[in-house]
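Visitor: As a plain string of letters, each chain reads:
Protein chains: 2
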Amino acid sequence: MASPAVSFAKDNQQRFLGELKDLLRIPSVSTAPEHKDDVRRAADFVANDLRRIGMENVEVIPTKGHPLIYADWLHAPGQPTVLCYAHYDVQPAEPLNEWISPPFEPTERNQNIYARGAVDDKGQLWMEIKAIEALMKGHSGKLPLNVKFIIEGEEEVGGESIAAYVRKEKKKLSADFALVCDTELFAPNLPTLCVGLRGLVYTEIEAQGAKTDLHSGMYGGAAPNPLFALVEIISKLKDAKGRILVPGFYTKVKAPSKDELKAWKRLPFNEEHYRKTEVGSKVLTGEPGYSVLYRTWARPTLEVHGMPGGFVAAGAKTVIPARASAKVSMRLVPNQDPDDILKRYTNYVKKLTPKGIDINIKVYSKGPASVISTDNRYVQAATEAMHDVFKKDTVFIRSGGSIPIVTDFQDVLKLPSVMMGFGLPDDNLHAPNEKFHIPNFYRGIESIIRFFEKLGK
Amino acid sequence: MASPAVSFAKDNQQRFLGELKDLLRIPSVSTAPEHKDDVRRAADFVANDLRRIGMENVEVIPTKGHPLIYADWLHAPGQPTVLCYAHYDVQPAEPLNEWISPPFEPTERNQNIYARGAVDDKGQLWMEIKAIEALMKGHSGKLPLNVKFIIEGEEEVGGESIAAYVRKEKKKLSADFALVCDTELFAPNLPTLCVGLRGLVYTEIEAQGAKTDLHSGMYGGAAPNPLFALVEIISKLKDAKGRILVPGFYTKVKAPSKDELKAWKRLPFNEEHYRKTEVGSKVLTGEPGYSVLYRTWARPTLEVHGMPGGFVAAGAKTVIPARASAKVSMRLVPNQDPDDILKRYTNYVKKLTPKGIDINIKVYSKGPASVISTDNRYVQAATEAMHDVFKKDTVFIRSGGSIPIVTDFQDVLKLPSVMMGFGLPDDNLHAPNEKFHIPNFYRGIESIIRFFEKLGK
Chain A
1 MASPAVSFAK
11 DNQQRFLGEL
21 KDLLRIPSVS
31 TAPEHKDDVR
41 RAADFVANDL
51 RRIGMENVEV
61 IPTKGHPLIY
71 ADWLHAPGQP
81 TVLCYAHYDV
91 QPAEPLNEWI
101 SPPFEPTERN
111 QNIYARGAVD
121 DKGQLWMEIK
131 AIEALMKGHS
141 GKLPLNVKFI
151 IEGEEEVGGE
161 SIAAYVRKEK
171 KKLSADFALV
181 CDTELFAPNL
191 PTLCVGLRGL
201 VYTEIEAQGA
211 KTDLHSGMYG
221 GAAPNPLFAL
231 VEIISKLKDA
241 KGRILVPGFY
251 TKVKAPSKDE
261 LKAWKRLPFN
271 EEHYRKTEVG
281 SKVLTGEPGY
291 SVLYRTWARP
301 TLEVHGMPGG
311 FVAAGAKTVI
321 PARASAKVSM
331 RLVPNQDPDD
341 ILKRYTNYVK
351 KLTPKGIDIN
361 IKVYSKGPAS
371 VISTDNRYVQ
381 AATEAMHDVF
391 KKDTVFIRSG
401 GSIPIVTDFQ
411 DVLKLPSVMM
421 GFGLPDDNLH
431 APNEKFHIPN
441 FYRGIESIIR
451 FFEKLGK
Chain B
1 MASPAVSFAK
11 DNQQRFLGEL
21 KDLLRIPSVS
31 TAPEHKDDVR
41 RAADFVANDL
51 RRIGMENVEV
61 IPTKGHPLIY
71 ADWLHAPGQP
81 TVLCYAHYDV
91 QPAEPLNEWI
101 SPPFEPTERN
111 QNIYARGAVD
121 DKGQLWMEIK
131 AIEALMKGHS
141 GKLPLNVKFI
151 IEGEEEVGGE
161 SIAAYVRKEK
171 KKLSADFALV
181 CDTELFAPNL
191 PTLCVGLRGL
201 VYTEIEAQGA
211 KTDLHSGMYG
221 GAAPNPLFAL
231 VEIISKLKDA
241 KGRILVPGFY
251 TKVKAPSKDE
261 LKAWKRLPFN
271 EEHYRKTEVG
281 SKVLTGEPGY
291 SVLYRTWARP
301 TLEVHGMPGG
311 FVAAGAKTVI
321 PARASAKVSM
331 RLVPNQDPDD
341 ILKRYTNYVK
351 KLTPKGIDIN
361 IKVYSKGPAS
371 VISTDNRYVQ
381 AATEAMHDVF
391 KKDTVFIRSG
401 GSIPIVTDFQ
411 DVLKLPSVMM
421 GFGLPDDNLH
431 APNEKFHIPN
441 FYRGIESIIR
451 FFEKLGK
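Here the protein sequences line up with chains A and B, keeping their order. Position 316 of the first sequence, counting from 1, maps to 316 under our numbering, and the rest follow consecutively. Position 360 of the second sequence, counting from 1, maps to 360 under our numbering, and the rest follow consecutively.
Derived from the structure by calculation, the hints contain no laboratory data.
Among the chain A residues that face chain B by a calculated CB cut under 8 Å, a handful are: (1) Ala223; (2) Asn225; (3) Leu227; (4) Gly242; (5) Leu284; (6) Val312; (7) Gly400; (8) Gly401.
All of these numbers come straight from a predicted model, not from anything done at the bench. Built from N, CA and C at the ideal position, the CB exists for glycine as well.
The task is simple: from the sequences and hints, build the whole structure.
Guide: Encoded structure:
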């Protein structure tokens with residue numbers, strides 16, 4: 001029994017998808033200075049559509065980095081207020097040669113739309129906006145509840161501006177709950193709400209040895225090599241079994257409850273299938289004695305993402321680089337304090353630094369883990385709405401990723417977040433050939449419509 | 001008492017320098033596929049000048065890689081034959097932003113000429129050719145000895161083509177000795193002959209983990225990280241004191257003679273001055289118990305030059321790369337067999353490779369160390385010629401670098417090499433702001449003229 005809003009959404013699926021493609025064509029890579037104007041264009045594109053569908057007080061808010069977008073519609077007295085969050089920036093598309101179709105030319109194959117940002121997060125941002133458009137149409141120009149949007153363009157680079165804005169504009173952003181669409185279904189056709197996220201501390205260790213690049217024949221045996229120094233340091237940050245060796249790193253770690261661990265065991269998950277189809281490696285790695293879901297959702301990890309410096313082009317160059325650096329991040333779990341962890345990490349890295357090498361640690365982002373309570377009417381309504389769409393019971397999962405804004409909503413604005421996401425585990429987030437399953441785009445829109453209609457009754 | 005040839009060289013210094021600048025403007029970076037045509041242009045430039053000055057049988061010889069250049073003049077019966085060697089290819093110029101003047105726009109400052117290849121090796125190649133031009137002019141169109149040139153364009157990438165050519169064309173390249181101009185003076189104004197070189201094995205360890213790049217939030221704790229695997233491997237190849245840990249690595253190492261070690265101690269060398277002015281680091285590194293000259297000339301070393309893979313642009317990307325690699329080289333000393341070392345290294349790297357990671361070891365170059373005897377008339381004449389120019393006794397040194405062709409001349413063609421080089425220790429070889437001291441360019445030309453005139457008497 002579809003509401004007029006649901007019917008409108010169904011009738012307009014093709015147009016909605018076409019609009020999403022236009023948004024995906026804008027390469028809004030937030031980490032790349034050369035794409036600054038593209039990020040701005042994406043912000044304007046989103047703001048214009050918010051105006052067009054009838055949202056009010058639409059603002060593109062300048063920041064030190066990329067703009068925020070605010071909009072509201074507050075004419076449902078007595079009804080709850082939702083703060084809708086998503087982001088319009090995307091990860092870099094590199095390595096480009098591994099994309100089957102170009103990252104910024106959205107292409108349909110097998111009911112999927114392939115493009116950088118398809119699922120993370122433009123597709124899911126567009127679900128929110130299209131749900132509101134359908135609700136407006138289905139309710140004669142009104143909405144069943146009060147709606148605010150806060151949309152950012154720096155999610156992929158640490159989200160500094162929205163963190164500052166949330167602290168500054170508590171009143172403006174006040175609401176009863178937040179809707180965050182930036183996560184995924186546990187399995188195709190399995191309605192899922194995400195109730196936990198890992199935190200993140202992302203650093204770059206910059207190392208300097210000699211004053212200039214040196215010939216490794218002439219100077220090998222005398223000049224310090226900052227790249228080798230980084231190798232020495234990083235090799236001591238984590239052991240071969242995946243245990244992080246920073247002193248005191250695990251002291252505060254809070255384990256999941258027994259009930260949560262039991263529920264995870266009931267999820268349809270096969271480690272061997274996951275290894276073969278998602279990871280595609282010979283073996284899985286990580287701490288012995290923990291399941292894959294435990295390790296990726298509720299255990300802290302440390303990774304090195306790239307080591308710029310020296311000679312990285314094709315071929316051979318016999319150089320001892322003067323400078324090199326390493327991008328190293330840690331995922332945090334509940335009760336680990338990012339400031340405390342960063343301090344311990346910094347001290348340890350300094351202690352490990354060999355003589356003759358100067359280091360400097362840059363911090364790109366720093367946010368704690370968060371776990372959301374499930375016993376509130378918003379999570380309840382979301383669960384029912386997804387049941388209506390999927391005809392199945394919703395499962396509660398965590399994600400190994402980090403959405404620092406969810407912690408800010410909880411700690412600063414005192415809002416519970418409903419993390420309703422429609423990605424799939426094989427959507428190639430942050431990787432070449434990122435995709436969004438098109439039926440999930442439509443189911444996402446319908447789920448949000450039904451969710452808000454339930455709350456606004 | 002200058003010969004007509006020396007006078008001609010002095011009168012034509014400015015023109016010689018101008019020609020060198022033209023050659024330096026050609027970015028003949030042999031390791032970069034996009035510069036293939038430039039390398040060819042540099043070869044043609046050199047061949048045309050050899051023709052112009054009166055050399056005969058000038059050939060630009062195609063190879064699998066970059067062309068060789070051959071030329072000869074063989075009309076001095078009864079006189080010795082020299083095989084002149086140098087190379088016209090250069091190292092990449094990166095990092096470009098550290099050059100004060102552009103690497104391929106030769107610029108004069110403080111009696112130096114700054115450009116990629118200025119001293120390594122175009123400037124020294126040009127000394128040889130200009131010496132022959134002056135000898136022709138000074139001896140009425142004849143040369144005092146028989147001359148062959150073999151000039152390569154792959155010295156910076158392993159020299160595969162010349163190695164094959166030397167083996168194939170033993171007769172064509174037969175001579176009494178070789179002149180190799182690709183080394184440096186031990187100190188400004190100190191005539192120097194290089195009598196020892198380290199060998200080189202240059203590899204790239206390619207590592208693969210997952211089938212595609214993965215999000216470090218979603219997969220951190222489960223997916224193998226090839227970049228971290230490389231860190232683990234490389235950290236175990238060499239200890240913090242610079243001792244290489246590949247089993248059996250030092251077994252065959254032959255130490256320098258007591259006399260040679262004594263002579264090195266008499267050289268004007270101050271480790272603290274070297275640290276401050278050449279290396280510019282806080283401390284010098286390397287095996288305890290050996291002097292800097294011993295460590296860089298006669299001890300094997302291992303360096304990592306670059307680790308491509310993952311995210312190396314500015315900013316943060318939370319990726320677990322599917323693939324990464326590390327460029328690792330070893331400098332070898334006398335009696336270490338490159339094939340044996342490569343085998344030991346390969347076995348050890350494979351043994352160190354963590355589960356879940358596939359590795360492949362690419363070999364870019366592989367050549368043994370060489371030590372040249374000093375008791376032959378060619379080294380003798382070179383010593384006297386340099387004394388005439390510098391008015392000082394010549395010192396015999398080694399170099400930590402590698403010129404594999406010197407070993408081939410010795411082993412395949414049975415030629416002693418005279419390594420007469422006019423670079424300076426602070427010439428920034430392989431680094432930004434490479435330079436050649438212009439007076440040394442002129443002294444090099446005069447030294448070669450006098451050297452050949454002494455032999456052809």
